[in-house]
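Given the structure of chain A, go ahead and fit chain B onto it with the hints provided.
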Amino acid sequence: MSNTPVSPPTQLGLAPSPSASGSTTRQTIAASTQGVMLRSVMKKYGSTVALEGINLDVPAGSYCCLLGPSGCGKTSTLRIIAGHEEATSGDVMIGDRRVNDLSPAKRSTAMVFQNYALFPHKTVWQNVEFGLKMRGVNERERKPRVDEMLDILGLSKFASRKPSMLSGGQQQRVALARALATRPQVLLLDEPLSALDESLRVKTRGELRKLQRQFGMTFIQVTHAQDEAFSLADQIVVMDHGHIDQIGMPQEIFNAPASRFVARFMGDNNIFVGQVTSVAADGDARLIQIEADGLGTFLCRGQAADVGTTAACCIRADRMQVTPLSSAFDPTQPNQVAARVVSVEFTGYVTRVSLVIEATGQEMLYKVSTHGWMTQPLNEQQLVCLQWSTDDCIFLSH
Amino acid sequence: MIAPMRKRPLSFYFLAVFFGLFVLFLYGPMFAIFILSLQGPDGALTFPVRSFGFHWIASLFFQQQRIGDFGAAFQRSLLLGFIVMAVTVVVALMAGLAFRQKFKGSSFIFYLTISSLIVPSVLISLGIGIAFNLIGVQTNWYSSALGGHLTWTLPFAFLIMLGVFNRFNLSYEEAARDLGASEFQAFQHIILPLIAPALIGVALFGFTLSYDEFTRTSLISGARNTLPLEIFGMTTNVTSPALYALGTVTTVFSFSIIAIAFLAYGFFAKRQQP
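Protein chains in written order, with the numbering used here: chain A, 1 to 398; chain B, 1 to 274.
If you're looking for bench data, these hints aren't it; they were derived computationally from the structure.
Computed beta-carbon distance windows for the label pairs:
no.	chain 1	residue 1	chain 2	residue 2	range
1	A	SER89	B	ASN169	25 to 35 Å
2	B	ARG167	A	GLU198	27 to 37 Å
3	B	LEU162	A	HIS243	32 to 42 Å
4	B	LEU263	A	LYS157	27 to 37 Å
5	A	GLU198	B	ILE109	47 to 57 Å
6	B	ASN169	A	ASP147	25 to 35 Å
7	B	PHE14	A	THR347	55 to 65 Å
8	B	GLY201	A	SER343	58 to 68 Å
Glycine included, each C-beta is placed from N, C-alpha and C at the ideal position.
Okay, chain A solo, but in the shape it has when bound (with noise of 0.2 Å):
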């Protein structure tokens, strides 16, 4: 795969322009865009159940990630709402029509592929014909839609060229172009950037939003990475052995995971488990105990739980201070813990802390501006001490 653009990005017409031209496209485009809904979906292959009952409103003209490890559900997710599997049970809906019955071609939707599935045999322009040519769409109404899709890609000049022939980030655009093509309501990508190489996807994934933007149309894309669902994304949709952990802005799941899965599924969560020990009234929410074997006591806000049952909490790695550990430090405060240097790795803007509680063999990370590392640095084997606030200490209720 040749990662040499030929056209700068500048010149792919993504951005809205000023001129008349912009709105039209939007208009013929996207003429109308629907939302997703799933209520109670259902799969089941054999007796393996690969989503146990899902359901997801995406607002229509929305940007939607299904995030979440290989196996979680989300392909299966988006191919039911493409139409390319059937649920065992429950309701597909774009817009207001329930789709379960329906053909791919007769959802609204269309599919950007894992591989793109460009067809080798044809050229660029007939690949992006394809879809209007299977519709019926008249050669002489035909040619001028395809014509606009490729300009709006900036694919202009490689309409006579096979898909072969193209770089990765080129056939990443005529799979989109050909799945605009059809004036989808609804565009399904699954995971459209991971054939792309590392500097070409941060490219891409701009492209991808404006063009999201640019066609108001809702987008649903399954991805593995959250840095990506994070830059791309309204909402995300994190997934975890065929359900649904959490549902949230990039901000909401970064900041509030709502479960130990997910918490640890972003990365750079410390997360500790024990038994809740008290739960107190604090204004709209609960300050909630939680007591660790060997680590001590943690502080932290949620909205319910139970005394005596079994609980986690997670502090994100750079909400942490670290002091050489002293004489005054009381192991009955609450959010501390004592532990050793292992490592110091410099990683740009950014240094990393490995560290491990000595007295369990639970392993931290702690990160910290490479500036203020410089400032206070820590040396390895050093033992030192962690403390958070309340507020940065957040409840995982599973």
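Below, chain B alone, put in the same frame as chain A:
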């Protein structure tokens, strides 16, 4: 060359001689027949060649009564070859499409089909002959022999198509359906063009297997012979280089069929790749 050539190991020369002998063994007999067919009227069945000429090749076309019913046998074999080819391509393609999904009894059908390749050809011929006898139907080149040829070509073609569809990316079809193509349109516009080169290979294979098939045809061709049977019959009663002329003409024909197939293959492969 600027860099001095590395000295070749002894094994290179040994293997080169071996390969040379192999090629000689492969094509030598054919060239012997080719040379012996280009003789004048005084030519004989063995070397040395007495005079050069096209007398015996011409005799094939103008003096049929002397060398048996060559023309009619050739026509029969040609027609039979094309029928076998057509049936093989269509059935193998459909079987290949069907076997993309596992279905109940699929492995049983698979082994049942393949086992026809293992059974000795003569037994298959004998079996078909007996079966026709039993139901009281005359064996004939277009019925019993056609069936006999298909027991040979279909399993081969089926195996080839399994390999082709094994490597076929299912997402092309899914993309076609996503874009509004019906099952048939997806087949017509996407699957068929992509597997066309393989289908030409299957067609060529089916034709050549049928065209030179001897054993399976030997007991069931009925009253009128196919070309290989006719040639075999001639070896016992034709005593002139006309026999060699026949070999030359049919070989030239076979090579032209292969050339046509390669041209077609090139055409489709070029359309597929840039």
